[in-house]
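Enquirer: Could you put together the complete structure from these sequences and hints?
In case you want the letters, here they are:
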Amino acid sequence: MQDTVNREQDAADRATGYRMEARQVSKIFGTHKALDGVDFGLLPGEVHALLGENGAGKSTLIKILTGAYQPDGGAIFVDGEEVHLTSPLQAQTYGIGTVYQEVNLLPNRSVAENLFLGHQPTRFGLVDRRRMDREARVLLKRYGLDIDPSSELGAHSVAVQQIVAIARAVQLSGKVLILDEPTASLDRDEVQRLFEVIASLKRDGLAIVFITHFLDQVFALADRVTILRNGRLVDTRRLTELSRTDLVRKMLGKDIAFSGSTSLEAERPPTELLLDFKGYGRKRSVRPFSLAIHKGEVIGVAGLLGSGRTEMARMMFGIDPADEGSVTLSGKPITVKSATEAIGHGFGFCPEDRKADGILGDLSVRENIVIALQGKLGWFRALNRDEQLDLAGQFGEAMDIRAASLDMPVKLLSGGNQQKVILARWLATDPAFLILDEPTRGIDVGAHAEIVRTINRLRDDGMALVVISSEIDEVVAYSSRVVVMRDREMVAELRGEDINPAVIVQAIATHGENSEIQAEVTA
Amino acid sequence: MMRIPLARLVNTQTIALVGVLLLNWILFPGFFKIEWQDGRLFGSLIDVFNRGAPVAILAIGMTAVIATKGVDLSVGAVMAMAGAVAATLVVGGYPGWVAVAGALAVGLLCGLWNGALIATLVLMVAGRGIAQLITEGSIVTFSDPTLVFIGTGSFLGLPMPVVIALALMILVTLAVRKTAIGLFIEAVGVNRSAATLAGIRSRLLLIAVYAVSGLCAAIAGIIVAGDIRGADANNAGLWLELDAIAAAVIGGTSLLGGRFSIVMSVVGALIIQAMNTGILVSGYPPEFNLVVKAGMITLILMIQSPFAGRLLTWFGRNRRKGA
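Protein chains in written order, with numbering that gives the first Met the number 0: chain S, 0 to 522; chain D, 0 to 322.
To be clear, the hints were calculated from the coordinates, so they are not data collected in a lab.
Some hints here could point you the wrong way.
Counterexamples of contact, computed for chain D against chain S with all Cβ distances above 12 Å [to be verified]:
#1 G18
#2 G91
#3 G92
#4 E135
#5 T195
#6 I199
#7 A207
#8 S253
#9 M274
#10 V280
#11 S281
#12 L300
Think about it this way: if two alpha-carbon atoms lie no more than 20 Å apart in a straight line, the pair counts; the simulated DMTMM-like pairs of lysine to aspartate or glutamate are [as the list claims (entries may be wrong)]:
#13 K177/D - E386/S
#14 K68/D - D361/S
#15 K177/D - D132/S
All C-beta atoms in this analysis are idealised placements derived from N, C-alpha and C, irrespective of residue type, glycine included.
Expert: Structure representation (structure tokens):
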């Protein structure tokens, strides 16, 4: 999949000398290759965006670059010298600093103390508070902050704290600055302010790695971009050579020609209407949308990470209930204010993060399968052990779950089998409407195919499904309709001929009117 | 209908209990001697059960709370409050059953408060203060026959505290195992988010579990007050929350939530009491008690740890190789 087109450019970059470089780094967790022979070069005075969907290997690569993980293969170079990074603290001595989304400072201490913690200027062995404040003031001015260094850090906005964190990291390290989703909790003006700081650091020759979900910010700020997918390097490019559509295509792993393969699932005559969402939305989460879902229909949801796709699923299932709009079930108005209520209406939901929100790790496969049905039956109509074994056996077999015993802890199963257990859990409740959030992520090829087969079978049996996936081929293959999410808004509803990878990628990539930031900040 | 295979009763906890009891017997040869006097049983063994009953009752509620990945630090203070309320009511001229109902209501209320806020430390500190306010700082003594019977009476030859603890153990075990509540408690303890997404009303469940723990604490408080015929707000139930937690942990419930067994927690409480008695009858200073208790808990935790499991399989494999 690796592009070979820009070898020349690569050679040119190498000649200028990487500030930091990872060559062929790999990282294996158990049997899972989180990173597979990835090359990453960082030039002085550049902002280098690191992009990829969940599970692409971004955070693993960052952790290797900061010494939090040690690679299982490959090598790291700083200024051309090979280094062995054993901890973030040791990486700091090589000039590598990191700022995370959540500010990792002490909110109850002063700004100056936070800037110099561990390196305070001293006089006669005591902290020289006056000198510290003086130096802090000079330092803060350079970052455009006119605040009192002796004020408590927690009293300032997140953006100011973020900039203080950057100032501290640059002060201590000074060569490489890694920004891990620094803008996630900032509003528009604050992002602008942060970008000005980053642009000025870039002019000073710092090498900056920038991780974000927002494509607009990538185009506004970054010089080059590296795209990872499933632990492999897809491409490293100058942003001037890349269109938004190209970028999205690479992130989603589509080297598709733009002729586009049309959906295999041709549109069927409309069946009975099951759910009708009207102006359904939640403040600060998902903008209101309208969507009608019929029986025997799969609605594919496409969109990048952070586009609002998961938020939409959680809202439909009542976990984060809607605060505007309405929904009807078979014509009758209903409310969905909790998961319990949703299940009562015949909904089911396979969450994106299997481990955190899906499986009950220490409980048995049997208990994991019956739990949702038992939840529906309530506290006092308990399924006895034999009934549980029957149900678990029946739905375990239907989903082809490979477990040595139905009484073994579910955490010992493979990811694919765990996913099947969660599907079996919902099928046992005989749902009318099933929401699947990334049902095929991180599972082996065999299980992947089976889950896609199951989706098709359920649709043919008359169930209504909403399936969120970053695998566009998959979405195209089983969807009756496709909705596209971008910037927490449903921006397109595609049907018929339009259900093809080219149109979907185009819809995801289009520059939105209400995007987070305009592209004018570039230094 | 409940078929409990005998093999399931042979485990770390029951072996430890038998071990400690045998140790008591070695230290004090008359330990297992039981006499029938005035229509009830007497003897050191009966004494262990009788003295262990309050902690066993606390452990019943505590086990459910710990299984949800929580901990109820307030049970000792709730004991003091319940005792104070019961004593004040009978001294004020109310009949014994009103005093019992009042004390139980206080326990229930405390449990609901804990379940709603999950801030049991607040009641642990404030509860004892409230108990002192109720008793106005003095030990309120009484001779109400109902309360005294609960603390010192007997039924079918067994001391009342033992009867109450046994009844509660059976009642709560049936309540969690014959319904889906036990499964839901374990599910919430293992992964609250996943359990909620699977449709379990976890908030309601937590409130119910803490309410049961509050009720258990109130019952233990009435027993302790009835036993000494008085409510001592300063000392009733002092530090017993720690014994209850230890009993649950010895009983195999992980502080990280999940699997639990009410019966094994009661066995845990008996192990703790048997050790207390053993140290007392052997003439060691009672200060020794805490060290031995700590050693016992450490030992049992080590036996239950995955490391010990690996060690055992390793030994097993080598033995087979050697043979």
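Enquirer: The structure should be examined with respect to each hint, and the outcome stated for every one.
Expert: Outcome of the hint check:
A cut-off of 12 Å between C-beta atoms confirms that G18/D is not in contact with chain S; the least separation is 28 Å. At roughly 38 Å from the closest C-beta of chain S, the C-beta of G91/D stays outside 12 Å, upholding its exclusion from the interface. Remark: the non-interface label on G92/D is consistent with the geometry, its nearest Cβ contact in chain S lying 41 Å away (cut-off 12 Å). For E135/D, the shortest C-beta to C-beta distance to chain S comes to about 41 Å, beyond the 12 Å cut-off, and the non-interface label holds.
A cut-off of 12 Å between C-beta atoms contradicts the statement that T195/D is not in contact with chain S; the least separation is 6 Å. For I199/D, the shortest C-beta to C-beta distance to chain S comes to about 5 Å, within the 12 Å cut-off, and the non-interface label is violated. Separation of A207/D from chain S is inadequate, the least Cβ-Cβ distance of about 9 Å not exceeding the 12 Å criterion. The beta carbon of S253/D is not kept farther than 12 Å from every beta carbon of chain S, the shortest such distance being approximately 9 Å.
Every beta carbon of chain S lies more than 12 Å from that of M274/D, the smallest distance being close to 30 Å; the non-interface claim holds. Under the 12 Å C-beta cut-off, the non-interface status given to V280/D relative to chain S holds; the minimum distance is some 40 Å. Against the 12 Å criterion, S281/D stays outside the reach of chain S, whose nearest CB is about 40 Å from its own CB. No Cβ of chain S approaches the Cβ of L300/D within 12 Å, the least distance being about 17 Å, so the stated non-interface status holds.
Annotation: proposed proximity of K177/D to E386/S holds, straight-line Cα distance about 13 Å (limit 20 Å). For the hint linking K68/D to D361/S, the alpha-carbon distance of about 13 Å falls within 20 Å, and the restraint holds. The straight-line distance between the Cα atoms of K177/D and D132/S is roughly 66 Å, outside the 20 Å bound, and the hint therefore fails.
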